[in-house]
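There are 2 protein chains.
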Amino acid sequence: MVFQYLNNRPLDEARSQYIALLQAQGLAPRAQTIPVPAAAGRMTARAVYAHICAPHYPACAMDGIAVRAADTFGASDTTPVSLSPEQYTLVDTGDPLPDGRDAVIMVEEVVFTQGEAVIRQAAAPWQHVRQIGEDICAGEMLLPGHTPISPAAIGAMLAAGVLEVEVLAKPVVGIIPTGDEVVPPAADPKPGDVMEFNSAIFSAMLEQWGASPRVYPIVPDREDAIRAALEGALEECDMVLVNAGSSAGREDYAAAVIGQVGEVFCHGLAIQPGKPAILGRRGAKPILGVPGYPVSGIIVMEQLLRPLVDLCLGRGAGQPELAQAVLSRRVVSSLKYREFVRVRLGQVGGRLVAAPLARGSGVVSSFMKADGILEIPQGSEGLEVGTQVQVRLLRPARELERTLVAIGSHDPLLDELADLLHQADPDAFMSSSHVGSMGGLMAIRRRETHMAGCHLLNEADGTYNTAILEKQFPQGGVYQVECVGRTQGLMVAPGNPLGITGFGDIARPGIRYVNRQKGSGTRILADYLCRKEGVDPAKVYGYDREEFTHTAVAAQIAGGTADAGMGILSAARIYGLDFLPVCVEQYDLIIPDYAWDTPMVRRVLDILAGPEFRARLEQLGGYTLDRPGRVRRVY
Amino acid sequence: MVFQYLNNRPLDEARSQYIALLQAQGLAPRAQTIPVPAAAGRMTARAVYAHICAPHYPACAMDGIAVRAADTFGASDTTPVSLSPEQYTLVDTGDPLPDGRDAVIMVEEVVFTQGEAVIRQAAAPWQHVRQIGEDICAGEMLLPGHTPISPAAIGAMLAAGVLEVEVLAKPVVGIIPTGDEVVPPAADPKPGDVMEFNSAIFSAMLEQWGASPRVYPIVPDREDAIRAALEGALEECDMVLVNAGSSAGREDYAAAVIGQVGEVFCHGLAIQPGKPAILGRRGAKPILGVPGYPVSGIIVMEQLLRPLVDLCLGRGAGQPELAQAVLSRRVVSSLKYREFVRVRLGQVGGRLVAAPLARGSGVVSSFMKADGILEIPQGSEGLEVGTQVQVRLLRPARELERTLVAIGSHDPLLDELADLLHQADPDAFMSSSHVGSMGGLMAIRRRETHMAGCHLLNEADGTYNTAILEKQFPQGGVYQVECVGRTQGLMVAPGNPLGITGFGDIARPGIRYVNRQKGSGTRILADYLCRKEGVDPAKVYGYDREEFTHTAVAAQIAGGTADAGMGILSAARIYGLDFLPVCVEQYDLIIPDYAWDTPMVRRVLDILAGPEFRARLEQLGGYTLDRPGRVRRVY
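Heads up: the sequence lines are chains A and B, in that order. Here the first sequence is numbered in numbering that gives the first Met the number 0, starting from 0 and rising by one per residue. Here the second sequence is numbered in numbering that gives the first Met the number 0, starting from 0 and rising by one per residue.
Only chain A is shown next, with the shape it has when bound in the complex:
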């Protein structure tokens, strides 16, 4: 096995040198001429001037009569003036002003008697006449170069006789997916099939930026095949991406191939995710080696390809929308890299709170959920909880203000609640993070959430939530709102092939358990059951294998990498697992004072009590409802 070492070039330096190199080679915007009606949203290639005036003739601005103003002088209520048919012309709005006339009188102000037009007020010269060029004068600059064309600008150009316009051509960006294991997206892929959805993500990003993506067929991991594909794409495109194979493993050919058809300027950046990026070129055409993990790929696209697209479309870098936020969890970072952390954002109690999302490079859902990006500079070991940070917004700030934040215990019903909330009010959004019941209560104490799902058993008396709320909120300040009863139990493979009879069996040799994370209500329940049933957690294979949601536990069992795990009935049902019920627990929503009187919380309480929510829960299964939305207790 050959092992190559990558560079660790700082991003800013590598990027600016790379762009300068490409510009020196001739990378620049290209112009094309298109019909004006098709030009909305495109960028002008150069300044656009009016060909003709608008209006291009003196036009009547009212329905009425065109006259010579001098003929009307002296007209008043007491001295009306009668105009003979030779002295006036009936006109409609938009008609050309007839020769010899220099004013228009509105039809409402004229009385017609026996062919004469009687008026009681003199007309001022040029009244109700749209002068030539009132709107636009021939020769006038309508739009400067490198300016986006708005709908109104389309109208202005057409009005000014400009029927075609030179715009900047959309750069054509070729995307070459590579990899032996890579297959087109499928509803039912085989183990080991890596679905090629990066090109769909990249294409959508490119379209959003105004470029024109061209996706090539998947190329196997063979140097000659990749080279042939790259050479072909370079003939047809302005820029080319080779997706994956950009790292330094035994089947990573991208760097070698780029070096053969052109030149590698830099391989390896001091960024995380995205470090194995390749910055290459042939002549002025950029060739990027983009890492295979989608999150790495997205970062490389944004940081390296977007500036090149902007350059070709005559756009400045612009200023990203930034906001100050408070970090809700500690983030550890490597000194070696500048790190891009996806965060969820919520406006809670007057502050913007940033909650870091899962950071794995493969976690494409983290980008789907992200409201912003937090950058941790190279040379920093990370940031402590509570730090004031600057985040780049991915959603409009005004949307964040209308987003209900739910941090706490996971239950699929929260997603249904989010859907129903947005359905009820399209301007309202809900974002939920799963940190377990205890994590949710901590988030309330730190004023980082509007509500928290919670199901914490008090072992002493078998009640839920009450005891812990009293302890956690000795000064009060929270409402305990009834939500659902839900059935917890042991999930096992369909047909229960290992004959598991109850929780006590999880320590049996040959049984692979999968657990929930510490602090989650379900973990606390499992710990309690261990004590009750005399199970030694240290003897349970997989007791320290932690998943963060009920469905993730179910997924391991369904996938055959675990045999048993605690979870709720609805999760077992999704995966068709067998289920050994253990208890019905109480799942409440804990809502702090500071969020209680907000319209969003009010609406959620209404939804909880409504028939649609009940129907959704019946669909999920395993829930009982008593009086959802009722305040159980105020602390």
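By construction, these hints were calculated from the structure, which means they are not laboratory data. Some hints here could point you the wrong way.
The list treats identical chains as interchangeable, and a pair is accepted whether it falls inside one copy or across any two copies.
Stated by the list, open to error - Only pairs whose alpha carbons sit at most 20 Å apart, straight line, appear in this in silico EDC-like list of lysine to aspartate or glutamate: (1) K538 <-> D70; (2) K189 <-> D91; (3) K335 <-> E107; (4) K531 <-> E458; (5) K517 <-> E458; (6) K189 <-> D98; (7) K189 <-> D94; (8) K470 <-> E458.
It should be emphasised that the depicted structure is a prediction, and the values quoted were computed from it without experimental measurement.
Given chain A's structure and the hints, the job is docking chain B onto it.
Here is chain B on its own, set in the frame of chain A:
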């Protein structure tokens, strides 16, 4: 002539009742199923759930060897562990974890000796393994309903085995242009031809909003023809616009026809522009009668059609981006109407300044130039200069911060300057308003502009600008920056058919003069020439006919509605007019202290002194350059 009276319904009331009526009739979003890769930017029709987990198998997260963690326990630097070929499997990133293995060791941490893999650190169970569902779990809600689909969401759906998605269908909006005088856009239209560019504007707006426009051929002003077109469009579209004929003139058939094929809910709104709008329907299909003037049409589209499109696309009304600004000119408004005033905005001296643009309904260029909309409520007679107003932004606030404001005397060179500035820095913009030299100096005194073009003659000594600056700025605070010398003269028709020999001739009977507005340097020059040449302005036909730019004066002469007017050589050249030179005057840029040290002003001074600016002026003609950009004097 039949004269119909229109309603004057308040907009908010009419709109909400109209929408409620349409919803009661069944107007609602429609769903359609499309392939996920084509769904970027579309709205989900309902919640989308994951079909499969991502990853869908336990995957190796590193290139290296897959092992059973238990086989590695005890490995350390001092007690390395050798794994036999049966105990490890070579794996690449993305490979499925082989059966019986539960951990991956990175290739960098393995030494291979005679087929054995030697490791010096124990592997933790599940290390470097991407668990099933690490990213997404089957059954998990990926996106709520009525949510825009981002590029990352496309990736997440495909990763989760979701290959097709139900999205909200783009509402199809038919546009029927009507009018006998209406012709398709042409480079050289005849007098009286009204070019039909509204459908291009409306189409571009609809595309921007996510709807699907369908433009029908122009229909003549005949009731039966319009009815046939409307009936046809209603078969094919979700909504239909009848453009023009919505007023109450003798050829306005829209209301009658809408009443015949369906129902008119309201004809006439208390808004300006846009009052003759018709709100009609057939069943749940909206039919709008849209006024013919483009500005009225744009307002009606935004205020009435956009909410209907939003409704069909499951979008909330959102919050418009608002900003506080200081009004730079008095705006008079009618008590009867809620008025939408287009404004230019500039960030000057720490305040946002709103300058009202031309308000004619036909002035489509005002929408092209507008940075914001100022609403004046019904029942208000207008707003005084200096009033704090709230404006709805049409451009991002951050762009406004980087916009150089030039208010003052008009010269086409300012547009060239704007083009060169934006070319030099794509993040810099320039917006210029033409209010004459005196208006520019007033704008500086009110801290409303970063610079002002100025050419004010001091009759006493024939110098320019110096005397008036001393008078206007007794405390100083402005820089007088040299720009150009330019040739002023009398513009006359090509070949000078009336044999005009000089300024003194403008009072001759049969000569129609066209003037510039009071306060402009050119008007002051004309007034001076009148005195000098003994011309009585009251005897000059058209001396009170005021245009706001050199090109507008030239356009009147070229169009044959005037015979002579003062202006600069470059304007005469654009229109091919004859030109009788009168003087070479000095055109300076006056720049206040408070703008002097800004990067944008610095850049403009650089551009003034550069060869590109000189080349542009040579193109325009009639300019002399001495040392443009030099500070003549500081006051």
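Hint check:
Proximity of K538 to D70 under the C-alpha cut-off of 20 Å is restricted to the inter-copy arrangement: shortest distance 17 Å between copies versus 110 Å within a copy. Proximity of K189 and D91 under a CA criterion of 20 Å is satisfied inter-copy only: 17 Å between copies versus 73 Å inside one chain copy. Proximity of K335 and E107 under a CA criterion of 20 Å is satisfied inter-copy only: 18 Å between copies versus 79 Å inside one chain copy. Taking the closest pair of Cα atoms, K531 and E458 come within 20 Å of each other only inside a single copy of the chain (10 Å); across copies the shortest separation is 105 Å, beyond that limit.
In this homomeric assembly, K517 and E458 come within 20 Å of each other (Cα to Cα) only inside a single copy, at 17 Å, whereas the closest approach across copies is 88 Å. Proximity of K189 and D98 under a CA criterion of 20 Å is satisfied inter-copy only: 15 Å between copies versus 82 Å inside one chain copy. When the C-alpha separation of K189 and D94 is checked against a cutoff of 20 Å, the pair qualifies only between copies, where the shortest distance is 11 Å, while the shortest distance within a copy is 72 Å. With identical chains, the CA atoms of K470 and E458 are at most 20 Å apart within one copy only, with a shortest distance of 14 Å there and 88 Å across copies.
Every hint, counting from the list given before, is met by this structure.
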